[in-house]
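Enquirer: First to last, the sequence lines map onto chains A and B.
Counting in my numbering, the first sequence runs from 1 upward without gaps.
Counting in my numbering, the second sequence runs from 1 upward without gaps.
Because the hints were derived from the structure by calculation, they are not lab data.
A virtual CB, placed ideally from N, CA and C, is assigned to each residue, including glycine.
With the Cβ distance kept under 8 Å, some of the chain B side facing chain A (calculated, not the full set):
#1 Lys48
#2 Met121
#3 Met170
#4 Leu171
List time: in silico DSSO-like cross-link candidates among lysine-lysine, alpha-carbon distance up to 30 Å:
#5 A/Lys348 / A/Lys367
#6 A/Lys367 / B/Lys90
#7 B/Lys71 / A/Lys413
#8 A/Lys413 / B/Lys61
#9 A/Lys292 / B/Lys61
#10 B/Lys89 / A/Lys11
#11 A/Lys477 / A/Lys413
#12 A/Lys292 / B/Lys89
#13 B/Lys90 / A/Lys348
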Amino acid sequence: MRKNGLGSTFKDRFDGHVESIDADDMIARLNLDKEENKKRPFVFWLFGVVSRLLFIAAAVYIVSDIDMGSKNVVTRQQEISSGSEYVVENNEFENEKNNDIVSIESGEGQSKSIANETIVINNVIQNKAKNESQFSNVSTPIGNSLKNGNYFLETGGLATVSDEKSNNQIKEKNVISNNTMIDRFIFSSESIVLEESVKLESSINVTTNSTIDLVFPSINSIRMTLYNDNILEADFDPIIIKSTNCNSDEYRMNKQPILLEAYASVYSTNRELVSTSDIYNDHVAMRNSSEKQLESIQVGLAVSKFIGSRFYISAGLEYTHINEVATINYMNDTILVDDNYPVLLQYKANGDTITSFGSANVNSKVKHTLIEYNSQRLFSIPMNAGIQANVGNFSLFAEAGISLNVYQSFYGKMVDVDLAIVSSPSYFTPKLGIGYRTKFGLIYPLSQSLHLSVSANLQRTHSISDIDFVTQKYIMKGIGLGLKYQL
Amino acid sequence: MINQKHIQEIISGCVKNNPASQRALVREYSGFLYAICRRYIKDTESAKDMVQESLIRILAKIQMYDARKGKVESWISTIAIRTCINALKKKRITTVDVDEVHSGEVQFDAGILQQLTMQEMYDLIHQLPIKYKEVFNLHVIDGYSHQEIGDLLGVETASSRTRLFRAKAMLREKIEIIKKQESCVKTA
Chain A
1 MRKNGLGSTF KDRFDGHVES IDADDMIARL NLDKEENKKR PFVFWLFGVV SRLLFIAAAV
61 YIVSDIDMGS KNVVTRQQEI SSGSEYVVEN NEFENEKNND IVSIESGEGQ SKSIANETIV
121 INNVIQNKAK NESQFSNVST PIGNSLKNGN YFLETGGLAT VSDEKSNNQI KEKNVISNNT
181 MIDRFIFSSE SIVLEESVKL ESSINVTTNS TIDLVFPSIN SIRMTLYNDN ILEADFDPII
241 IKSTNCNSDE YRMNKQPILL EAYASVYSTN RELVSTSDIY NDHVAMRNSS EKQLESIQVG
301 LAVSKFIGSR FYISAGLEYT HINEVATINY MNDTILVDDN YPVLLQYKAN GDTITSFGSA
361 NVNSKVKHTL IEYNSQRLFS IPMNAGIQAN VGNFSLFAEA GISLNVYQSF YGKMVDVDLA
421 IVSSPSYFTP KLGIGYRTKF GLIYPLSQSL HLSVSANLQR THSISDIDFV TQKYIMKGIG
481 LGLKYQL
Chain B
1 MINQKHIQEI ISGCVKNNPA SQRALVREYS GFLYAICRRY IKDTESAKDM VQESLIRILA
61 KIQMYDARKG KVESWISTIA IRTCINALKK KRITTVDVDE VHSGEVQFDA GILQQLTMQE
121 MYDLIHQLPI KYKEVFNLHV IDGYSHQEIG DLLGVETASS RTRLFRAKAM LREKIEIIKK
181 QESCVKTA
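If we strip away everything but chain B, and leave its shape as in the complex, we get (with noise of 0.2 Å):
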C-alpha cells in the first residue's frame, strides 16, 4: 500500500505545481487509472488517453482534494470514470430501455470468473453494450448507487436498475458460453 504520508507530499508539491512531484503522482497512479479506464474503454490505446486526460484534469484540480473528505485514490478514480463516461457518451446510441421485471442478485458459479485472466474479465466487459457497461462497471466495481449513476449519466434511477440488469443477464450469457467451450476442450 502506498504511504499516504508520501501521497500527501506529493500532493502539496502538484499543488505547487513542482514537476517532481507531478511526475511522482503519474508514476504512483498510472496503474490504478489505467485498470479503471479500461474497464470502461475497450481499446487499450483510448484507454491509456484517458489516463493521460484523467491526469489532466487531476493535475489542473489537485487543489481542490480534500483529504478529509477521502482517500486519494477515491477522488482521482471518481475523475478517471467521469473522463471515461464522457468519453462513452460520445459513442452512445439512443436506444430505448427495457426495463425487466426480473431484480436481485442471482447465484451464480464464480469459479469460472477466478479461472478467467484479468484480460478476459476486461473482454467479458467488453461484451456488453456501452450503456449497461457503464451502468455495471458504475455499479457493480465502483459502488455508485443507482441514484449517483441516474444523475451522472443523465438517466433516471429506474433505467439505470434495468441496465444492470441486462448488462448482469448478458454478462451469465457469455459465461455460459464460455463455460460449455471450457468443457467441450476438456472432453475433447
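Just chain A, with the same shape it has in the complex (with noise of 0.2 Å):
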C-alpha cells in the first residue's frame, strides 16, 4: 500500500492534466471571425481618413479664401469706378466735420421717371490718420422709387435702431447687421425720421418715406436726399454704398472676417458605461455604482472663418478635464472571536449534523470603503459650423459639430474586471473617440475687434476605448466663456 500525502496526490493527478474541449466551439463562442470584429477595424479607419480630410479641406478653404478676400476688394474698385452717374466731389467734405451733413440731391427724386439707376457712394478714406477724407463715385440706382421692403448696404450692416413715429405709419423696420457700426444713417421722410446707426452689411427697410438722408458723421459726413413726393408706391432698388482702401478700417471691410477664439467652460456631466459583453455586466455595474462624475472643465483654441456673412465653420484643439469620484466598497474578514473563547461547534458532514464544543474564530465580514478622486483626460478637435445674426449691439449664434478625441488618459483607482481595486489600468484608457457637440449663445463686441461670448454648450462624448468589450461614453450640459479676436 502506497503511502502518501493527500494534497501531494491530487496535485499529482491534475499537474498538466489537459481536458478534452471542442476548441472550434470555443472559438465560435469567441466570435473571432466574427465579421463585425473585422469591420470595426475599417470603420475607425475610414472615420479617421474622413476626419482628417475633413481637416484639411476646413485648412485649405480658409488660407484660400484669405487670397480671394484680397481679390474681393479689387473687384469693389473696379466696380466703382465703372458707376458714376453722380458724382460727389471730395473737396466738397474736406472740411466737415463730423455730424455735418451734405445733401446729395438728384434732382430727378420728384419724379418717378427715374428708373434703372444705381446709387454707388464710394467713401474712400486715403489717410485716416492725416484726416483726409475722400468722397467719389455717388450715383444713384432708382427703379421708380421707394417702397416698403428692406434694402441692403452692401458695405453696411445694422447696429442699433431708434425711430420717432408721427403721423406716418411705419410699419416694418429691421435693420440687420454683421459687424462693425460705422456711421449713423438717417433715414427721414417729411413725417418719419430714422436714426440709426449702421454698420457696414446691414440691410434696412424702408416704409415709407419721401426723403433718403445717408450720413456719415465721423468721415466728414455725407447726407444722400431723394426726393419722392409722389412715390410711395414706387420701387426703389438696393442702395450699395462700398468703400475702398480703408486701411485703418480694414475690418469692416472684411466680408469673412476669421476669428481667433479663446474659450472655457464649465460642465456638469454624466457618464454611459456600456459592456458590450455580457460576462462584464457585473464589472460595469460596480463601476456604475462606485464611480461618480464631477464637474468638468473645458478650455480650448479655435479659429472660426464666416462663410458669407452669417454663417461659419471653426477648428481648433480642447483640452478636457472630467472630475469622477470612486467610492469603491469592498469587504474584509475581521476575527471577532478569537480561539481563546469556546464556542459550539456544529456542521454538516456526510448528512449527518455534528455537534460539538471547541475553539474557534468567529469571523465577519467587515465593509471597507475607499475614496478616490479620478479624472479623465481629453485634448480633442473640435469642428464646427455655425450661424451667426445680430440683434442689437449683441448677435446671437448657434453651432454644431463633431470633435474628436485624439487622446484620452485615465487618473485615479477603479474596479477592474477581475473586480479587485487597480490604479490607473492602462488597458482601461480609451484611446480614440467622437464626440458630437452644439452650443447657442451671445456674442458682445467688446471693440471692433475684440468680442465676448456667453454660450450654453451640450456634448457627448462616444470613446472607443482599447478594450472591447467596455465602451464609455459622456454627456456634459454647461456654460462657456470665450473671446473672439478679429485676425
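Please assemble the complex out of the two chains, which come individually in their own frames, going by the hints.
Expert: Listed below in C-alpha cells is the structure:
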C-alpha cells in the first residue's frame, strides 16, 4: 500500500492535466471570425481618414479664402470706378466735421421717371491718420422709387435703430447688421425720422418715405437725399454703398472675417458606461455604482472663418478635464472572536449534523470604503459649423459639430474586470473617440476686433477604448465664456 | 510540450489582434483552461463558460503578458483561476469559519486516488463546499500560498488554513467511503 499525502496525490493527478474540449466550439463562442470584428477597424480607419480630410479641407479653405478676400477688394474697386452717374467731389467734404450733413440731390427724385439707376457711394479714406477723406463715385440706382421693403447696404450692417413716429405709419423697420458700426444712417421722410447706427453690410427696411438721408458723421459726413413726394408706391432698388482703401477700417471691409477664439467652459457631466459583453455586466454595474462624475472643465483655442455674412466654420484644439469620484466598498474578513473562547461547533458532514464544543475564530465581513478622486483627460480637435445673426448690439449664434478625441487618459483608481481595485489601468484608458456637440449663445462686441461670447453647451463624447467590451460615453451640459479676436 | 517559440509567435499575433493567432491560442489552451475550470466549477457547461470568459480576458490583456516573468501557462492559469473564483463568489454563502486545532499533512493511502478516473477526481473535489473547494484547489493544486489565497478571496490567512484543513478532512472521509464501497464490491 503506497502511503502519500492527500494533497500531493491530488496535485500529481491534476498537474499538467488537459481536458478534452471542442476548440472550434470555443472559437465560435468567442466570435473570433465574427464579421463585425473585422469591420470595426475598417470603420475606425475610415472615420479617421474622413476626419483628417475634413480638417485639411477646412484648413485649405480658410487659407485659400484669405487670398480670395483680397481679390474681392479689387473687384469692388473696379465696380466703383464703373458707377459714376452722380459724383460727389472729394473737396466738397474736406473741411466738414462730424455730424455735418451734405445733401446730394438727384434732381429727378421728385418724379417717377428715375429708373434703372444705381446709387453707389464710394467712400474712400486715403489716409485717416492725416484726416484726409475722399468721396467719389456717388450714383443712384433708382427703380421707380421707394417702397416698403428691405434695402441692402452692401458694405453696411445694422446695429441700433431708434425711430420717432409721427403721423406716418412705419409698419416694419428691420435693419440687420453684421459686424462693425461705421456711421449713423439717417432715414427720414417728411414726418418720419429714423436714425440708425449702421454697420457694414446692413439692410434697412424702408417703410414710407419721401426723403432718404445718408449721414456719415465720423468721416466728414455725406448725406444723400432722394425726393420722392409722390412715389410711396414705387419701387426702389437697393442702395449700394462701397468703400475702398480703408486701411484703418480693414476690419469693416472684411466680409468674411477670421476670428481666433479662446474659450473656457464648465460642465455638469454624466457618463454612460456600457458593456458589450454580458460577462462584464458585473464589472460595469460595480463601476457605475461606485463612480460618480463631478464638474468638468474645458479650455480651447479655435479659429473660425465666416462663409458669407452669417455662416462660419471653425476648428481648434481643446482640453477637457472630467473629474470623478470613486467610492468603492469592499469586504474584509475580521476576527470577532478568537480561539481563546470556547464555542459550540455545529457542521454537517455526509448528511449528519455534528455538534461539539471547541475553540474557533468567529469571523465577520467588515465593509471598507475607498474614496478616490479620479480624472479623465481628453485632448480633442473640435470642428464646427455655425450661424450668427445680429440683434441690436449683440449677436446670437448657434453651432454644431463633431470633435475627434485624439488622446484620452485616466488617472485614479477603479474596479478591474476581476472586481479588484486597480490604479490607472492603461488597458481601461480609451485612446480614441468621437464626440458630438452643439452650443448657442450671445456675442457682445467689446471693441471692433474683440468680442465676448457666452454660450450654453451640450456635448456627447463617444469613447472607443482599446478593450473591446466596455465603452464609455460622456454627456456634458454646461456654460462657456469666450473671447473672439478678429485676425 | 508546446514549442515555446511557436507560443511566442501566437502571442505576438494576438497582440496584433490577428484572428488566426487568436484561434491558435484558443486551440492550444482551451483544454488546459478547461481542466482548471472544471476543478473549480462543478457543472461542465458552466466550466466551459469560464473557459470562454477566461479566454476573452486573456485576449483582451494579452499585451500585458511578459514572458520574462514566467510561462504563459502560469499567466493564463492565473486568469482562469481568478475568473472561476469571481464566479464562485457570487454563489458563496456567508458562514462562520471553523478553526481547527489540527494542521499538517497526514499520511494517506494514495492507492485509491490513483485508481480513480479524472471524472471521479473532479467529483470528489466538487463534493466539497465551495469555500473549501476554492482553498483546496488554490493551495494544493495551483500552488497558492495562504497569504495569496487570503488576498485573492478577501479572507484572513488563518481562515485559508482552516478551510484547507476542513477540505482535506472531508476528502478523507469521502475517500474512506469510496474505499469501503470498493471493498464491499470486491467481497461480493
